[in-house]
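Undergrad: Below are the chains, spelled out letter by letter.
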Amino acid sequence: MISQSGATSKVISAENVTVDYGAEPVLIDVDLDVTDGELIGIVGPSGSGKSTLLKVLLGTVPVRAGKVDRRPGLAVGLVPQVEHIDWSFPVTVAECVGMARARGLRTPWITKAERAEIHAVLDRLGLNGLANRHIRDLSGGQQQRVFLARALFTKAEVIFLDEPTSGLDVKTRHEVLHLLDDLNRQGLTIVLTTHDLNGIAAHLPKIVCLNTRVIGAGPPEDVLVPDVLERTYGSPMHVLEHGGMRVVVDSPLFSVDDIGKASA
Amino acid sequence: MMLAADLFKPFEFEFFRNGVIVATLAGALCGVVGCYVVLRNMSYIGHGLSHAIFGGYAVAGLIGINLFLGAGAWGVITALAIGGIVRRRPIGSDAAIGVVTTASFALGLALVQLYGSPGQNADALLFGNVLGVTFADVWLIVAVSIGAALFIGFGYRQLLFTTFDTEVAKATGVRTGLVDGLLMVLLSATVLATMNVMGVTLIAANLVVPAVVARMLTAHHRPVPRRRRDRRGQRFCRHERELSPRCRVRPDDRSHSCDFLHRGVRCRWFVPSPCWHCCARPLMTRHMRMRRLDTLATCG
Ligand SMILES: Nc1ncnc2c1ncn2[C@@H]1O[C@H](COP(=O)(O)OP(=O)(O)OP(=O)(O)O)[C@@H](O)[C@H]1O
Ligand SMILES: [Mg+2]
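Protein chains in written order, with my numbering: chain A, 36 to 299; chain B, 2 to 301.
In short, the hints are calculated from the structure, not lab data. Nothing here was measured: the structure is a model prediction, and the numbers come from that model. Incorrect hints may have been included.
Said to hold, decoys possible - Listed next, with one range per pair, are the computed distances between beta-carbon atoms:
1) 57/A - 95/B: 19 to 27 Å
2) 176/B - 68/A: 22 to 30 Å
3) 179/B - 144/A: 18 to 26 Å
4) 104/B - 260/A: 51 to 59 Å
5) 136/B - 106/A: 53 to 61 Å
6) 233/A - 176/B: 40 to 48 Å
7) 176/B - 106/A: 14 to 22 Å
8) 107/B - 116/A: 35 to 43 Å
9) 260/A - 92/B: 40 to 48 Å
10) 51/A - 95/B: 38 to 46 Å
11) 139/A - 8/B: 46 to 54 Å
Virtual Cβ for every residue (Gly too), placed ideally from N, Cα, C.
This is chain B alone, in the form it adopts within the complex (with noise of 0.2 Å):
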């Protein structure tokens, strides 16, 4: 019972009410634009982006402006750029993302060496503070979240079909420039409304890590390609089946090419029957490979 109390007391100070509404909300907002991210291997854009719009800090405050309109305009261009180069140049998405972040983060040092620091340490950047955050900061991410639920729930659709497939997504109609654009967009402002909360490290990972377990837990992904190989052999077999119906290979001659077959024989552990010498081979546990020299038997 007192336990109870004294877990609830916290409860009672508004920054740490503030706290829990901003840590619970940035989880959930990173988790659900991590995904995408992850999905079109951006993986590494959180962690870019958010040096990156420490490069708009020290520019808006050289500048004078507000800071976060800034920074916030900073990420947002970065994050364009990043995308537009993806899109036009053979260059990987992670190679483009090194070049463009690195370049904004080692500006913004420049600056704030020459002209010194505008305001906020770069502790506070690095490491964010969740029980610092102001009510600005609460509406702020709220905002977003808003925002976000918005693109992905209309949007959801043209999202997953240019994250999947770009190319037919554009020739059936989407505007696949506008979805990236909305995308990349939705991606900095996440990454500056969550800033002050977590820092630039956190980001990166609630980014990631969540995205990461989604895809691994999810019933649709098997993380061993393993029916796809079977099936390779199996097409490579049925070819062959046209061209040597007999079978002439025995198991001790490796030098003989691969014309083998399990012709109409199933195992339970090995349905797709695949080739003796070609592409399934190495691939085969112990159990298959014995099973394999009964069906030889059998075949002939």
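So that you can see chain A by itself, here it is in the shape it has in the complex (with noise of 0.2 Å):
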């Protein structure tokens, strides 16, 4: 799953980042470095700088100090967070994957090759024969990809997704993992961020642990660890070895009547 060794050439990277909304700071002295090829998972609490670090790395909020280097001419795709849409927009599915093919003079309408490009773009991601649905008329592992499918349309090499499995259930979520998996496989770089640490992070080979600074950095097996999980998301959490895998689970000394008892 991890990246092809030997010559890994950086595409994005972030030295130093702090970022202000004009504010407290909301990320400080982060560094991260994409290389080409890598998938890399970003977890962290709510309100933790995770979109915020996604928009430093796309280029869209200014930072307050350090930099970020992008590879000159890196053409970039953003799958944002579902909550963020306007989905009474009145727009068919292959209109919002045409739209993203914006620059330089086009018709405005969708040319007969571009059609058919949309269609293989939706064939390959599974959306065949919804091209002239309106999006919300889909459900919600299907809306992600019409997103997926709109940041690969524009031949992107590093797709963000903010949140893709936020509200997705167990089938639905390993549908988009494997499918970012299969995607990453044929040489395109992913960046996420993620809530759901057992769900998504564990099967990723790299995860960067966020709350304002980075915790940790690296695979999985050094990074879901007890010490920097409290430190990230600041309570006791445990970590269970299962079939090989990490489960992350909170700790059992925590109980309902325990936050009752502390809150009376």
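Using the hints, build the complex out of the two chains.
TA: Below you can see the structure in the form of structure tokens.
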């Protein structure tokens, strides 16, 4: 699963990045290198700056200090958090995918060649037959894949996904994960954020634990350990071994009764 | 026969021909530009801008430059200011429009009170006069229409992408700032060109009403988001299914937590099988409830 050894080259690197939105810093001294062909997961509690870090790597958020280098001419794509999409916007799946090829002089309508390409991308992601549906009239997993298709259609070399599996059931989550793994094997570099430590993060070759600062980065064996997790999430967690995989669970000492007592 | 001749008689007069041309173009222009305005939740900007431009007339009259140029420049600046505020500040577009345009209007009124009206009376601006259009008005609106056609024709995808998803468009390399700015310029040019013809109030209506009607008519848009709610129900259930494969809830037991499922039961009216106690219940019609009771029996 992990990237090809040897001639791996950095595509994006962030050095000592600090970001504030005009108030308290949201990211402090963050270092992160994305090399060609990597599949990276960013985890951390809500508000820890995961989405912000993606935007920094994309270059849509100005940094207060530090610097972000992108390989010149790098094509990037973003699959936004589903909560940030205007689902009532009147576009079909094909139009949604097609609008992404927007640079330069283009016809307002989707040309025949582009239509064929769109259908190819949709087929590849298992969305055949849905090209003329409204984007809202799809299941959660299909909606995710439409936006992935949009990123692929722009021939992006690096794709960022913001919580690609939020609100999906176990089966669809597996499908999305397998799809991403396939794409990654075909050479696509992927950076995603997730809240799902066991379902997603534990399966990825590289994890970054973020809570304003980078608390830990590396393969799951190194990062999914109680110490790092506690410093990331601020609450005690246990890590179990299960068939060679790491499973993160809440501390058994911590029950709802305790929370009730603590707040009383 | 007689009637047809009567109908075409007014076309002998130039003022009438001009009026027809201008009214047609103004309708088309406002309709097209209005679509983008409505999709960006800026429906009130037409109204606001046409008031703001009033301030421009007053200032231009005061400085003694061409009224039209002055008002045009004023309108563009106001529109860009609104666009800029919306992009940079965490203020809704409605509030930004309200603040900027009323300030501009107030400034215009104050100047008119102090130094007198710069020529045109307020009535003409408020209500317009479609039969009083001059040849210059016709040319102006033709020019703005051509500009709009070029901008929307060549920039269609950028415009669509920026309107739908600014963040991603920016990340993908679309110059969203430029696109937004040009749209605002086009909007103020539209307001300016049609002000003499339709007046302030009708511009606001013409920008919003056709776009809203179009949005309700397009096949892409369904006003009642039923599927989405259904889907949420389904998602919840799938989750529950893994936890509790048995259904234990009785229809009269409202206190029980929701782990009831239609396991694999499909009903024509309610395909995604929602939970009994959770999200989907308030949305069910009586028919659905009856079906649900049927399936409850089969479940168990
Ligand atoms: N545009 C913005 N302006 C001001 N503050 C912002 C902005 N976007 C995010 N923030 C703040 O930055 C912090 C990090 O936000 P971010 O969206 O990156 O968190 P996240 O880790 O993605 O959270 P979640 O898991 O809930 O999506 C939050 O405290 C948030 O309030
Ligand atoms: Mg986020």
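Undergrad: Does each hint hold? Answer for all of them.
TA: Here is how each hint holds up against the structure:
1. 57/A - 95/B: 19 to 27 Å: For residue 95/B against residue 57/A, whose Cβ atoms are near 22 Å apart, the range 19 to 27 Å holds.
2. 176/B - 68/A: 22 to 30 Å: 28 Å, holds
3. 179/B - 144/A: 18 to 26 Å: With Cβ atoms ~22 Å apart, the hint holds.
4. 104/B - 260/A: 51 to 59 Å: The hinted range 51 to 59 Å holds for residue 104/B and residue 260/A, with Cβ atoms some 58 Å apart.
5. 136/B - 106/A: 53 to 61 Å: Cβ of residue 136/B to Cβ of residue 106/A: about 57 Å, so the range 53 to 61 Å holds.
6. 233/A - 176/B: 40 to 48 Å: 42 Å, holds
7. 176/B - 106/A: 14 to 22 Å: The hint (14 to 22 Å, Cβ to Cβ) holds, given that residue 176/B and residue 106/A are roughly 21 Å apart.
8. 107/B - 116/A: 35 to 43 Å: 41 Å, holds
9. 260/A - 92/B: 40 to 48 Å: 44 Å, holds
10. 51/A - 95/B: 38 to 46 Å: Taking Cβ atoms as reference, residue 51/A and residue 95/B lie about 40 Å apart, which means the hint holds.
11. 139/A - 8/B: 46 to 54 Å: Holds, at about 49 Å.
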